[in-house]
Amino acid sequence: MTQVPEQTKADRRPSRAGRRFSWRTVVVLIAPFTVVYLAFLVYPTVRVLMLSFTNSDIAGRGSFVGIANYAHLLKDALFWASLWHTVYFILLCVVPNTAVGLIFALMIVRLGRLRSPVMAMLFLPYILPVSVVTQIWLWVLDTNYGIFNYLTGTKLNWFQDPHWAMPAVAFVTIWWTVGFNILLFVAGLQSIPQEYYEAAALDGASGGLQAFRYITWPLVWPVTSLVLVLQLIAQWQIFNQVYLLTNGGPYNSTIVTIQYMYIQAFQLHHGGYATTISMALFVLILVSSLAQIRLLRFRGNP
Amino acid sequence: MRRRRFSASSAVVTAITVAIAVVWVFPVYWALNTSLSVDTQTVKIPPVWVPSPPILDSFKYVIANTAIIRWYFNSVVTSLAIDVLVLFLTMMCAYALSQIAFRGRRALFVFFLAGFMIPGATNVVPLFMFLNRLNMVDTYLGVILPQLVYPIAVVVYKQFFDQMPQELGDAARMDGASDFRILFTIFLPLNLGITWALAIVLFLFAWNNFFWPFIIIASTPMMTIPVGITQVQSWYGIAYPRIMASAVLAALPTAILYLIFQRRVTQGVAITAGIK
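Which chain is which? The protein sequence lines are A and Z, in order.
Numbers 1 to 302, taken from my numbering, label the letters of the first sequence in order.
Numbers 1001 to 1276, taken from my numbering, label the letters of the second sequence in order.
Any given hint could turn out to be false.
Said to hold, decoys possible - Just a few of them, taken from the derived set where beta-carbon distance is under 7 Å, the chain Z residues facing chain A:
hint, residue
1, Ala1021
2, Ile1100
3, Asp1179
4, Thr1230
5, Ala1250
6, Phe1261
What the hints assert, rightly or not - Sample of chain Z residues lacking proximity to chain A, with all beta carbon distances greater than 10 Å (derived):
hint, residue
7, Ala1067
8, Arg1070
9, Phe1073
10, Ile1186
11, Val1265
What the hints assert, rightly or not - Quick list of simulated restraints, FRET-style, between CB atoms:
hint, chain 1, residue 1, chain 2, residue 2, range
12, A, Val46, Z, Phe1184, 31 to 37 Å
13, A, Tyr197, Z, Arg1106, 39 to 45 Å
14, A, Ser288, Z, Val1048, 30 to 36 Å
15, Z, Phe1184, A, Thr152, 55 to 61 Å
Just so you know, the hints here were simulated from the structure itself, not pulled from any lab data.
The C-beta atom is built at its ideal place from N, Cα and C for all residues, glycine as well.
Working from the sequences, and respecting the hints, build out all of it.
This is the structure in C-alpha cells:
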C-alpha cells in the first residue's frame, strides 16, 4: 500500500503520520540528498574495503591480491611508527584540550559584562583556516626571530626538535580548537539551575571546590563525555597541522597515519595499500570511540 | 536577579581570565602587526610591538605577485555553492522525513545517522579515484560535490520541523498548497533563524576546509585560499610580513563574518555539534 487513509483532526492521532501523499513528491524531496550521500559517503566507504584487497594504483587500476596488503601492513615499521605518533598526539591533545576547555568555561561563566568579549577572544582562533593558524605559529615560534623564543629566552627550533615537535603541534591544536570546547562547556554550565548551588550553600557545602565536586562535575558530565568523544574521533584523523608545521619531520618522527596514507596514495601511487591503511585507522576509530562511549556512559550514570 | 558578590578573590579571577584571553589572541595580533611591518622591523631585537608607521606594502606585494585574488574567487564560488546546495538538499530531505509518513522513513533516517560513524579522512583515496573517473580532478565540482554530505544538517532541520505546529501544514494543504510550497513559503520563513545559523557555519566550514581541496586540486590557479596561501612561502622564500599578509587576507572573510554574526556562529557551531 502506498497510500494511507486520510485522517481527520477528530482522530486526535498525529495526522502527519497518516495524511495522503504522493511518492513522486517524496522522491523529489529526498532523492538529491540521498544520491549525494550514497555517491560521496556510502560508496567510498565500501570502496575502501574493496580496494584494500587489491594492488590498485591511484587511478584505481589493479587486481585482487587477497590479504597481501594486510600482511605487509603488519610488518610495515613506518605504519606502526605513524600509528604511535598519532596515539602520542591523541594523548597530548584529547584530555588536555577538554580540561583546558572546562577550566576556561568555568572562568568565563563567572564573568559579568566581560563575558562576551572574553568568549570572543578565546573562540576567535577556531574560525581561522588551519593554514592561517600554522603560519601564525611558524612565525611566533620561529627559532631566531620568533616572539616566543625572544620572550622566554629559549633558542629551540620547536617544530623540528625531536622532543618538542609533537607537543608543539598539540599545543597549536589546542590553541586553535579549544574555543569549540569552551562553547559547549559554557552551554552545559549555564543549564545547571542556580538553585542547586544555593541549596548546597544552605546545606553547608563549603566553598567552590565542594560545589564543583558534587554539583558542577556530575551535571556537566554529559558535555564532558561528548567533548571527549568528538575530540578522540577528530584527533585520530590528525593530518593538516602536522603536514603544515613539521611535514612529518624531523626524520619522520612526527609522521601520522593519515599522512602515511596520503604519502602511499598520492606520492607513491599505491592506492590499494593506502586504503589498507585507511581501513586499519577506520577500525581503530570505530572500536575506540564505541569503547569510549560505553565507558563514559558507565562512568556518567553510576 | 542573581546577586553578584564583589570580593577581592573574584576580582583576581576576573583579572586572570582577562589576562589569559589577551595572551590567547596575542598571536593573532602579532600576525597583524607583522603583516603591517617592513622586513627589517620584524627581525629587530627587541621586537617592534606596534608597526611604526603601519605600511601596506606586504599586502600589495601578495596581491600583485601571487594568485591570491584568483584563490579568493575560487573560495567564494565553491563555499557559496556548497552552502546553498547543502541548505536546499538537507532542508528538502528533512521536510519529507519530518512531515510525510512514507514507508521506510525511519530506516532512512537511521541510515543517515549511521554516516556520523564514518571518519571523513579515511575515505579520500576512493573519493579521489571516483572523481578522477568523472574527470573532476582540479575542478570546482570536484571541490564541491564531496562537501555536500552534511547529514547533521538533516538532523537539525528535522528537529526544528518536528516542532512545527501541525495545523500549519494541514491548513495550507486544505487550501491546496503543494509540499514544496509549504516548505518554502511556510516552514522556511518560520525557521529563518536556524537557517541563517546553519548557512553561516556551513560557509565557515567550507571556506576553512583544507584537506579535501588540498587532495583534489592540482594546479595553482584552481586552489582555494587556505591551500593557496601555503604556496606563498615557496613563492618567495621566508619573508614573514608577506606570509602574514597572505594569512590575514585568508582569514579576513571568516573573521568579519564572525565579528558581525558572533551569536549566530556560536549557535550554529553548537547546534551542529549536537548541543541545542
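Hint by hint, where does the structure go against what was stated? Just the numbers, ascending. 6, 11, 14
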